[in-house]
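Enquirer: Sequence:
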Amino acid sequence: ICPDMSNFLHVLDCAKVADFVVFGLSGTSEVAPDDGEQIIRALELQGISSYMGVVSNLSEVHSKEKFQADVKRSLESYFRHFFPSEDRIYNLEKLSESSNALRILCQKLPRAIKWRDDRGYMVIDDMDFLERDPEFGELVFEGTLRGNGLDANRLVHLPEFGDFQITKIEKCKASARRRKQRDTNSDLNLG
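Numbers given in my numbering equal positions in the sequence shown, counted from 1, plus 1231.
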């Protein structure tokens, strides 16, 4: 998910549901003290599962690696100021570092965020509106359910729209098909 960086609440909502937040830093321009630092501080307060810092334009700083390394150390110091447990950022222009960043994202388990895991939420893949009559309709959401699950007897909150009653919760046939296909593939691999 690439958030709209001009919409502060959209950035917070995207980070709220993300397992990993990748911060893209620039070697040529500083982080804006008003917008950039405000976003980082708000994300810290909200809670971030796992995070990583990357930079992709160090070659624009200087052609020599010595000067690029100085800028990278400065960016690492800046990033460590906000996230002390993260000891490095990754230069995506180098194949070895970009491979390491990708491997870490694929193998690392995201840290838990207690307030998020105690509540049910959905990462929505598809949404449809079924109009029953001119004054009544139903929103149908399809996606991945995360956290503690949802209860059909409780209200669900849709950001910017309000609270609504759930009519029913169904397991999608597509996810059942994927699981069945996975089981069939694992049977084939074992047999």
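You may find that some hints are simply not true.
Okay, derived cross-link-like pairs now, DSS-like style, lysine-lysine, Cα gap no bigger than 30 Å in a straight line [to be verified]:
#1 K1297 <-> K1325
#2 K1247 <-> K1404
#3 K1345 <-> K1325
#4 K1345 <-> K1247
#5 K1295 <-> K1345
#6 K1402 <-> K1295
#7 K1399 <-> K1247
#8 K1339 <-> K1247
#9 K1297 <-> K1345
#10 K1399 <-> K1339
#11 K1247 <-> K1295
Here are the simulated distance ranges between beta carbons [what the hints assert, rightly or not]:
#12 H1293 <-> D1356: 37 to 45 Å
#13 H1312 <-> V1371: 41 to 49 Å
#14 I1397 <-> A1263: 48 to 56 Å
#15 I1335 <-> D1357: 24 to 32 Å
#16 G1380 <-> D1244: 18 to 26 Å
Simulated from the structure, these hints should not be mistaken for lab results. Each residue gets a CB set at the ideal place from its N, CA and C atoms; glycine is no exception.
Enquirer: If a hint holds in the structure, say so; if it doesn't, say that too.
Expert: Evaluated hints:
no.	hint	verdict
1	K1297 <-> K1325	holds (14 Å)
2	K1247 <-> K1404	holds (27 Å)
3	K1345 <-> K1325	violated (36 Å)
4	K1345 <-> K1247	holds (12 Å)
5	K1295 <-> K1345	violated (45 Å)
6	K1402 <-> K1295	violated (56 Å)
7	K1399 <-> K1247	holds (25 Å)
8	K1339 <-> K1247	holds (18 Å)
9	K1297 <-> K1345	violated (43 Å)
10	K1399 <-> K1339	violated (35 Å)
11	K1247 <-> K1295	violated (39 Å)
12	H1293 <-> D1356: 37 to 45 Å	holds (44 Å)
13	H1312 <-> V1371: 41 to 49 Å	holds (45 Å)
14	I1397 <-> A1263: 48 to 56 Å	violated (41 Å)
15	I1335 <-> D1357: 24 to 32 Å	holds (30 Å)
16	G1380 <-> D1244: 18 to 26 Å	holds (20 Å)
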